[in-house]
Amino acid sequence: MSDINKYIRSGEPFDPEHANHLQDLEGWDENQAQRSAGREGIELTAEHWEVIRFLREDYAKNGRARSGRVLSERLDEAFTSHGGRKHLYRLFPNGPVVQGSRIAGLPLPEYSRDDSFGYSQ
Numbered sequence: 001m002s003d004i005n006k007y008i009r010s011g012e013p014f015d016p017e018h019a020n021h022l023q024d025l026e027g028w029d030e031n032q033a034q035r036s037a038g039r040e041g042i043e044l045t046a047e048h049w050e051v052i053r054f055l056r057e058d059y060a061k062n063g064r065a066r067s068g069r070v071l072s073e074r075l076d077e078a079f080t081s082h083g084g085r086k087h088l089y090r091l092f093p094n095g096p097v098v099q100g101s102r103i104a105g106l107p108l109p110e111y112s113r114d115d116s117f118g119y120s121q
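All residue numbers for the sequence shown refer to this note's numbering, where the first residue is 1 and numbers rise by one.
Possibly wrong hints are sitting among the right ones.
The calculated label-pair distances, taken between Cβ atoms and stated as ranges, are [to be verified]:
1. Arg66 x Glu43: 25 to 35 Å
2. Gly27 x Lys86: 26 to 36 Å
3. Glu26 x Lys86: 28 to 38 Å
4. Gly38 x Arg90: 13 to 23 Å
Note that these hints are calculated values from the structure, not bench results. For every residue, glycine included, the Cβ atom is placed at its ideal position computed from N, Cα and C.
Can you build the whole structure from these sequences, using the hints too?
Here you go:
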């Protein structure tokens, strides 16, 4: 990341694009996901949990996705039988990659600023 994108916050480097995204899978639990979803106006259903678990399992297996597009394609493929992207955006209106990753407590993939993936707040 270029220095222009780094900010200092409380004496520590701060990356606003990855704010509220945990870097450690162990620091996350389902209660935290519920709180995060609540702040975003989402009440988690079994369908949401299916996507969240997919995101976390994909991250554990493959590490951080190379790009938002790569993760978006994986999600679309995994949930094609449910309606693909349309289904995913119904669940996560601010984007299944960005909003889904945030609720799942995962770091954003690189290049996730594209509006088609949602937006980073």
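Where does the structure disagree with the numbered hints, that is, which hint numbers, in rising order? none
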